[in-house]
Amino acid sequence: MALDVLVSSLVAGVLIGTVLALVALGLTIIFGVMDIVNFAHGEFLMVGMYTGLLVAQGVGMEPLLTLPAAGAVGFLLGIVCYFGFVKFLLRGPMLAQLLGTFGLMLFLRNLALVFFGSEDRAIHHGILVGKSLALGMGVMIPATKLAAAILSVLAFICVWLFIHKTKTGKALQATAVNPQGARYVGIPTDKMNGLAWAIGGATVTIAGALLVNFWAVNPYVGLLFTMLAFTIVALGGFGSVPGAFVAGLIVGLITELPGIWDFISITLGWSWMSKVPMTSFKYTWVYLAYFIIMLISPKGLFGWKR
Amino acid sequence: MKQARAVLWICLGVMFLLVTFCLYVPPVLAQQEIAIGVIYPITGGAASAGRELQNGASLAAEIANGVFADLAMDMAKEAGIKSMGGAKIKLIFKDHEGNPTLGADLAKKLILDDKVVGILGCYHSAVTKAVSAVCEQYGIPMINDSSTSPALTQQGYKWFWRTTPHDGTFTKDLFEFLKGLSEGKSKGVPPVPKDQLNTLAAACEKTEWGSAASALLEKYAKEYGYDLKKNILYTAKSADLSSEVRSLLAVKPDALLFASYTSDAILMVKTLKAEKAKPKLIWGQDAGFETPEFRTTLGEDIVGILTRTVFSPKLGQVKKISGQVNDLYKKKTGYDLSDASARGFTGVQTWVAILEKAGSTRPEAIQAAANAINIPGDQLVVPWKGIKFSTSGEELGQNIMGSGIIGQYQKNQAGEVVLEIVYPFELATSKLIYPFKGY
Chain A
8 MALDVLVSSL VAGVLIGTVL ALVALGLTII FGVMDIVNFA HGEFLMVGMY TGLLVAQGVG
68 MEPLLTLPAA GAVGFLLGIV CYFGFVKFLL RGPMLAQLLG TFGLMLFLRN LALVFFGSED
128 RAIHHGILVG KSLALGMGVM IPATKLAAAI LSVLAFICVW LFIHKTKTGK ALQATAVNPQ
188 GARYVGIPTD KMNGLAWAIG GATVTIAGAL LVNFWAVNPY VGLLFTMLAF TIVALGGFGS
248 VPGAFVAGLI VGLITELPGI WDFISITLGW SWMSKVPMTS FKYTWVYLAY FIIMLISPKG
308 LFGWKR
Chain B
72 MKQARAVLWI CLGVMFLLVT FCLYVPPVLA QQEIAIGVIY PITGGAASAG RELQNGASLA
132 AEIANGVFAD LAMDMAKEAG IKSMGGAKIK LIFKDHEGNP TLGADLAKKL ILDDKVVGIL
192 GCYHSAVTKA VSAVCEQYGI PMINDSSTSP ALTQQGYKWF WRTTPHDGTF TKDLFEFLKG
252 LSEGKSKGVP PVPKDQLNTL AAACEKTEWG SAASALLEKY AKEYGYDLKK NILYTAKSAD
312 LSSEVRSLLA VKPDALLFAS YTSDAILMVK TLKAEKAKPK LIWGQDAGFE TPEFRTTLGE
372 DIVGILTRTV FSPKLGQVKK ISGQVNDLYK KKTGYDLSDA SARGFTGVQT WVAILEKAGS
432 TRPEAIQAAA NAINIPGDQL VVPWKGIKFS TSGEELGQNI MGSGIIGQYQ KNQAGEVVLE
492 IVYPFELATS KLIYPFKGY
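Chains as they are written, first to last, in our numbering: chain A, 8 to 313; chain B, 72 to 510.
No lab work stands behind these hints, which were simulated from the structure alone. You may find that some hints are simply not true.
[Claimed, not checked] Taking lysine to any residue and the SDA-like style, the derived pairs with C-alpha atoms no more than 25 Å apart in a straight line are: (1) B:290 to A:276; (2) B:349 to A:135; (3) A:282 to B:366; (4) A:138 to B:366; (5) B:323 to A:268.
[What the hints assert, rightly or not] Each pair of labels, with its calculated beta carbon distance range: (6) A:295 to B:401: 16 to 26 Å; (7) B:347 to A:165: 24 to 34 Å; (8) B:137 to A:292: 40 to 50 Å.
Think of the CB as a built atom: it goes at the ideal place given N, C-alpha and C, for glycine as much as any other residue.
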């Protein structure tokens, strides 16, 4: 039995899934509040990754301690993008909003190319970098991924508590459900929209600063995460916070299908299975899942705006 | 009157001759500089190797353009190309970023705008393939110093020559090394029973080079009777390789084999460390496993890892010219010559020798000179028998006198991580560390 292969893959899937869920959280909040799809979401993540990397390397700080800096940068970036750009897009048709955030994506990516070049950069030093926890049976958990998963869950809980337990959070929910009604009862919906972008920006940049501990960054890194975030949000339901979490875990596990395939191959002793290039298609399964979800349940597992 | 007319005719005649001479000066004499376009990945995932290549090429041009009396190398004895009136070599560097389309565009620009006499490059086999097609189209000679996909010299091109041995040679070296290990030929290691080093797992990046390397591993594993249980192709410049590494480790391999560029090679070793991998042997197909960035980033984590290469600073112990050029290079850059810089150096050295033989910048003359060139091994910093290109058969333009070595990262007495030669066994500069200590 190759139980270690199966357990390793499942654990890895859950760990990366929680981080992916945090990546998607910002996208689902922005859509939930404003019905606008942010194509630049992956580029926000890239900004978070560069912030984490530069602060860690520039100040010589432990990479995981850079999260507040990354969160602050994301928060400000969200506010600047909303009040300086997106607010004006809202006056136009839906197509203008889509193309507008697409333009924002290109702008941020090219800005990163100008400043950082196209080279991959990664963090190679830190308290947790290169360390692992042994679970027994030969199953290893990389410490950076475990820390990223725990902090992602914490960030998720904080955002959920903020949205459901605070007055501002409830105002945000009201804006999401019925903006006109919210305005009538005196909620400053414009500021709520800005807040949604700020929270969306902060969560995804924090996710970026967590990811950069074990994932190299370059100006193009955002595209993959935009695609994954869209899949997660579609699977969980646009605007659904719990949906994003569950869907993140599912997508994380789908990316680990090659490990499950190896487990079956070794257990059954079918050597032909090990020749199938499963790892080459690890994200293909995710997009296939996206396609199937759109066919079966266009509103995802949890429906829209919950 | 007649006398005045005669003087006038003489003056006119002299003027006519002068004008004719000025209008038709042989290209050789008119040319003070010979421009060669050099296309390397100076930014992007293989930037570290690209900069090494650039530094090596620049040093060779510096030596060719000056006089270095102490160096026992033909191009160091005269300043410039002697057969062309001392014309100097001018290298025009371009950055292809690992992108074949950009590489082809840059080649066109160099040929049409910069009027280079030829091209040198390009490291990535996929880029070399695209650039060689452009050179073939325009009839411009291209020397390839650093790409190892065997297919490049099997295209039947007439304007393409490759100095470096290709992956067929290097992969065969690996399996000869494994075979020698089981026969007890390796210095300091008792014979390793074949069944204890039989299961192999490989991961190669998915471009022209890695795909060819992967196919060669499959071919030679079968030929030498090894069990290549996993042979993965992964996307180059990957940001995460954890599922690939877990997939490799799932088959419990005795040896892990890789073909990766720099950023992937670093990520691969970091992931192996995080997964606490314990194979008995790790071997890299040069490229990323041999760059200074690989060593400086990973430090002691690479001790025990093997890489195929064409150069090791340790060669200086057995080959004077290698040591001399290495000293010059170290003075200039602060680093020892590496596989990449040594190949960049050799690429320019080959260009100089060909131009010297051609005595002209006409493509046809260069083509004839390249096909007839024979640079003896004692002129080279690399441990080859020489440079002589194949002019017939399946492989056109391949240097038939090249060979590879396998190095292993070991810690020296000063605590530095250095690349010791462990194969060919007769050239070994240190005892092999076997098995790999694991993470």
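*Given the hinted pair residue 290 of chain B and residue 276 of chain A, is their alpha-carbon gap at most 25 Å?*
Holds, because 23 Å separates the two Cα atoms, which is no more than 25 Å.
*Given the hinted pair residue 323 of chain B and residue 268 of chain A, is their alpha-carbon gap at most 25 Å?*
16 Å, holds
*Verify the proposed pairing of residue 138 of chain A with residue 366 of chain B, using a straight-line Cα cut of 25 Å.*
19 Å, holds
*asked:* Tell me if the beta carbons of residue 137 of chain B and residue 292 of chain A are separated by a distance inside 40 to 50 Å.
replied: 59 Å, violated
*Falls inside 24 to 34 Å, the C-beta gap from residue 347 of chain B to residue 165 of chain A?*
At roughly 33 Å between Cβ atoms, residue 165 of chain A and residue 347 of chain B fall inside 24 to 34 Å, so the hint holds.
*Starting from the range 16 to 26 Å, see whether the pair residue 295 of chain A and residue 401 of chain B falls in it by beta-carbon distance.*
53 Å, violated
_25 Å limit on alpha-carbon distance, applied to hinted pair residue 349 of chain B and residue 135 of chain A_ = 20 Å, holds
*Please work out if residue 282 of chain A and residue 366 of chain B have their alpha carbons no farther apart than 25 Å.*
Violated, because 32 Å separates the two Cα atoms, which is more than 25 Å.
Of the numbered hints listed earlier, those contradicted by the structure are 3, 6, 8.
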